[in-house]
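Heads up: the protein sequence lines correspond to chains A and B, in order. Residues in the first sequence are numbered from 1 upward in steps of one, following the working numbering. Residues in the second sequence are numbered from 1 upward in steps of one, following the working numbering.
Hints in this document: simulated from the structure, not taken from any laboratory. Note that CB positions come from ideal geometry on N, CA and C, so glycine has one too. Treat the hints loosely; a few may be bogus.
Claimed, not checked - Examples of chain B residues lying across from chain A (beta carbon under 8 Å, computed): (1) Ile45; (2) Ala46; (3) Thr47; (4) Val63; (5) Asn64; (6) Leu65; (7) Thr66; (8) Leu115; (9) Met116; (10) Asn127; (11) Leu130; (12) Ile150.
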Amino acid sequence: MEVLAYLIPISLFLGGVGLVAFIYTVRSNQYDDPEGDARRILSDEWDDKPKP
Amino acid sequence: MTAQLTSGTAACPGCIASPAEPARPIPQDVQIALSLPGIHCSACIATVERELNAHPGVESARVNLTLKRAMIKAAPDLRAVDLIPVLERAGFEAHELDPGALSATQADKAGRDLLMRLAVAGFASMNVMLLSVSVWSGASDATRDMFHWISAAIALPAIAFSGRPFFANAWSALRVRRLNMDVPIVLAIVLALVTSLWETALSGEHAYFDAALTLTFFLLAGRYLDYRTRAAARSAAEELTALEVPRAIRLVGDAEEEVAVAALNVGDLILVRPGGRMPVDGEIVSGQSELDRSLLTGETLPVFAEAGLNVSAGEVNLTGPLTIRATAVGEDTSLHRMADLVAIAESGRSRYTSLADKAAKLYAPGVHILSALSFLGWYIYSGDIRTALNIAAAVLIITCPCALGLAVPAVTTAASGRLFRKGMLIKHATALERLAEVDTVVFDKTGTLTSGAPELTNLGDHSRVDLEVALALAEASSHPLSVSLAKSAREAGIKPARLTGVVEVPGYGTEGSRQGQSVRLGRAAWAGADEGNQTAAWLSIAGQEPVAFLFSDSLRPGAAEAVQAFRDVGKEVLLISGDTQGAVQGLAEKLGIENWIAQALPQDKAARVQELSEQGRRVLMVGDGLNDTAALAAAHVSISPASALDAARVASDIVLLGNDLAPIADACDTAVKATKRIRENFRIATVYNIVAVPLAVAGLATPLIAALAMSTSSITVSLNALRLR
Chain A
1 MEVLAYLIPI SLFLGGVGLV AFIYTVRSNQ YDDPEGDARR ILSDEWDDKP KP
Chain B
1 MTAQLTSGTA ACPGCIASPA EPARPIPQDV QIALSLPGIH CSACIATVER ELNAHPGVES
61 ARVNLTLKRA MIKAAPDLRA VDLIPVLERA GFEAHELDPG ALSATQADKA GRDLLMRLAV
121 AGFASMNVML LSVSVWSGAS DATRDMFHWI SAAIALPAIA FSGRPFFANA WSALRVRRLN
181 MDVPIVLAIV LALVTSLWET ALSGEHAYFD AALTLTFFLL AGRYLDYRTR AAARSAAEEL
241 TALEVPRAIR LVGDAEEEVA VAALNVGDLI LVRPGGRMPV DGEIVSGQSE LDRSLLTGET
301 LPVFAEAGLN VSAGEVNLTG PLTIRATAVG EDTSLHRMAD LVAIAESGRS RYTSLADKAA
361 KLYAPGVHIL SALSFLGWYI YSGDIRTALN IAAAVLIITC PCALGLAVPA VTTAASGRLF
421 RKGMLIKHAT ALERLAEVDT VVFDKTGTLT SGAPELTNLG DHSRVDLEVA LALAEASSHP
481 LSVSLAKSAR EAGIKPARLT GVVEVPGYGT EGSRQGQSVR LGRAAWAGAD EGNQTAAWLS
541 IAGQEPVAFL FSDSLRPGAA EAVQAFRDVG KEVLLISGDT QGAVQGLAEK LGIENWIAQA
601 LPQDKAARVQ ELSEQGRRVL MVGDGLNDTA ALAAAHVSIS PASALDAARV ASDIVLLGND
661 LAPIADACDT AVKATKRIRE NFRIATVYNI VAVPLAVAGL ATPLIAALAM STSSITVSLN
721 ALRLR
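Next up, chain B with everything else stripped away, as it sits in the complex (with noise of 0.2 Å):
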């Protein structure tokens, strides 16, 4: 292979322009993966692919409108972030996925050989169903005899490959001494096919084959619902790009070297740049700049930073390049700290049953015992083993759970794929149970119902000439105040000034100079004005007042009705957020939130989603940041948005895909819609049961009786399933 490839090369036309380093493997495409939660009709598919093919380096971009995420294959030197403006200006919203989880799922191949299993079974079912038939409709000795002989030729090879799912889930509970669903499963599996194998050596009159076929095909139809609704979720929430640091500069001497976090030491010198994370604990030795601390605290205000302060793994650095002398790290840093404070909240989390928990716990015993019963009662009365063999198998599979199997992924798939419509991607398999229970809602402020960008308020104020001279000092920094500035004054349709020697004082500002005269645009004391109690940057122009321009963390899209239809159900909405006392109360007037904590630390938050809990309450916790985590894994049920960093997304049950904040009080009706469907399923499946088991019981079912209740009461259970949508 290596050799043919060599040889490829050589011959190549392309190749021989770079003769040079034959070696070198030729640099092969990269793949690219976007989550678009925002596209749902073929025009966005069109759009998206023409603004993708559009830009260069772009080999080839494929939608799939399923699982709303793009297939971006491009030269080796294009990297997600370049593609993501460009879906942004076309009006998508786009999210990088990362392609190394995503090549695991492509092939998908659990999925597949369930599906390979399923069509198995669907066809031998349907052919031994037709000869079913015609037994039942009347054909009697050597013809019967025939069909039934050519019923078990499908039916054996047929079971014996697509119900391996079940036999080897039953086998390793049964091996542990345990009992679960799949054990009755292959119990009436494997006693039909015996009994009728017997019935047929006899000639006699019932064989089970196509109950035992139907049985398979619908309990596979039920665990591939099930596992595709999780196996979608589940990978989509997984692949969305870590945002931790894996590498780090070092700094030995005068040289940098780039390494992994992993083998950073106590005492090494890192640089962070301008835009990076801090890898680790440390003290800066040199350098100034401002530091963003929102996912540690939740404070919006950036942090003024300088030569002694002591940083934590996780924050952002802004405007300056830092050197951080590292005090701690690896599993010492804060960052670790919050994850083994995820560890603990996990542990007291009181672990939930499913309602098919329940349902099974009930269920595998009770058919067990009534089918040993009836053998036995009947093998007393009438003596004979066959008859009682015949009327427990009958039992058997009557009571056995196909309605059962599918009340449950009948219904999550169909809710899941309305939330996933909206927005939402559930996680967990039971957190839409959890979901319906919940009657406290607890919200993070940053980057929750806030976007945790700030957003300009005072524009009107300025004159425009203020307004220029700022837009040309804030377009010469890319700190988060500057940049919102100019997106605001950009918007208004302002020009900048014309200034000359621009440049960014890290820690400090920007300033330059207009017709002689010095300007600049940044903190307050720089500027040359006393700070204010408001996040702003100060504009000073030689020989006059500085002037503030006033910023305001911008309420996330769908904020507002999130928690107005939350208070409308009667729910209890509560705002804890690390940041300061002014700002969470504005916030909490602004939406009507009565009961609010603001400086909460990570513990304080966790603490009183405990204390909630232990009144009895369910809470819902909606949070991003790290300092959240731990109160997202002590929650009832937990929601983080995508934008949340890694270990909040892995904390909490449903992912939101979107911007918007809208989704999440509907997916709690969903909720409660989709576990009373549940319910009605179960009591369905019930009802059948209680009509069909005595029938059974008595030694009146006939392979038709038994066929007719177990699809009607399957279908039923579907179809109500399906009202959902």
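Same shape as in the complex, but just chain A (with noise of 0.2 Å):
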């Protein structure tokens, strides 16, 4: 049973790092345009740094 020692602090642990990177993606507003996201992948003309 002293295993659980490091399981909960771990699964705490992994449940927190979850939490903070969906926080993060909300912030940056990853969910403001999903459908338009979701095709731009498909585009060839990339926009993710400025164009050459």
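Combine both chains into one complex, guided by the hints.
Here it is as structure tokens:
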């Protein structure tokens, strides 16, 4: 049962990582246009950096 | 901050060229927002962005496909009106949105706030569920207590944070001594936490931390769906820029000054340029022109205007500058009297109780009584307050409205999403339910069934020379008939004749000379012909009989299909218009509408709609003009196109974004299906309660049963809603 002493903190930590990641995505506007983003990956015109 | 900016300006190399006026703020890029109801794929995104970025002055343009709009960063002198034709040429319909109203929704604080709370509740419930599963699968004694304490440590702060919206709502309801859906929710959550803490402290077997958290999570999910659906529609509908004139040009002596409409007084002289809208009621003092009254009265034919004629606020000046003397300003104008009519119609509208409210009214007291009874019963039977409280908490948790909270929002989200893809915005929460009940449909004519723009009907009857001359004359004017004539002629491949000295005579037409002969295009009498009973522009070439170019109001795309679809499902269709007998009859016959009323005043329209409602009919009103506003407000449910006046859009429940009318019939179908799903969902939730509540009252419910009942019912309800897509 000592294993619980490790497992519980680990599971809480992993859950926390998920939560922090989610908050980051919300704050950086990644849910503003889910439909458009899904289509944009098919486009030849990349827009993650300035065009040459 | 200011100091930094100023020094930054001085250091910027671009500003050295203009060292004068250092105090003037740097011209900032403006944000332009356009609504694009027609976009649907990645090719659309690419085309729109390419076209916009290629336009001079545009700094960057980005399309948001989810909201179907484009945000454009542009040079300060660029206006949305410059960009709309660019997109129209590329084949996309575009409307301007008000960026001021937009910036408020852009940040969308409330939505984000809910999403954060949802995330925290989700995170906490997953962790606590993990610990609870080990308890259910046999952890005992010290291990179980430890798990319960860890659960409590996670659940208490998580609920304190994520349950805030419910606590706030319940508190505000209780303060005015009312019950709403949130009161039983808060009671269940708080009672579950208190008994669980108590049990944990006494090393008890059952703790409901996981149930309290999943409850919060599911209910927040419902709240969030509900919020998102409504926020998206509400903002988009409100942001469509107002068409009303906020400013007017006042003449003081010989000087012109631009003032806010609110600052005008009776007796002021006001200049209205061609294309401008009358800001106040008044009398024409000088100038000649034609007036478009279609938005106020539904008349398609422009009215000749000269000194002495009375004009009403909202009419559009077409050809020549007019000076008017204000006779009524502000709240006395006919525009405002129209708004009063709306207020009266709205106060008469029966307040509709939504299905969710009806359910809540039955549900909230029922749950409280049931839970109190089981507490009392068990207390009397066992004499143990701990057991009695435990069972009362179990009853509250199991009956708690997870499925009820999701039943309506899940369906409306799916339905609104489906309608949004077809170009309709649901502005009002209960609009779908009301739309489902409709049995009578009332249409307005001008601007609703027709596009409100004249279309040339007899192009083939004219000789090539006539057409060439007419085209040359028409292109010199911005009168709607001229614009339409020029467009049709160009499309037929006609080249304009070479004319000299072409001038527009406001109120009459355009004239010029061709090889020494005078040519005129305009009103019948002016061109030397007799007035017919059809909308026409006459062309006279010296020494020849004048010829008529006939126009009719073109049908909006999808109008015929929409009317046909309504008739097919047995709904009664009416046409009520302010236009002349002939025009209305013609359209009614063309569309096969048997009931039509012409020359209806705004009051008549509203009265007719009210009369129908009193006969027990559920009326759907579709209209766009100011003259429809009162009728829109009086109807059971109302739809207006995006091209409608602001007041009409505000009064209606659903806004049609695209040009096509066909989705209206579809919307009714979707609404019926959505209401059916909502009722099904209520039934599913009830069945779960009927099965689970006796177990809880009998004291047989364990936290495991509570978790199972709650999750299964919530998931079933959501899946049932998704069938609508």
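- When the hints from earlier in the document are held up against this structure, which numbers fail? Number 3 only.
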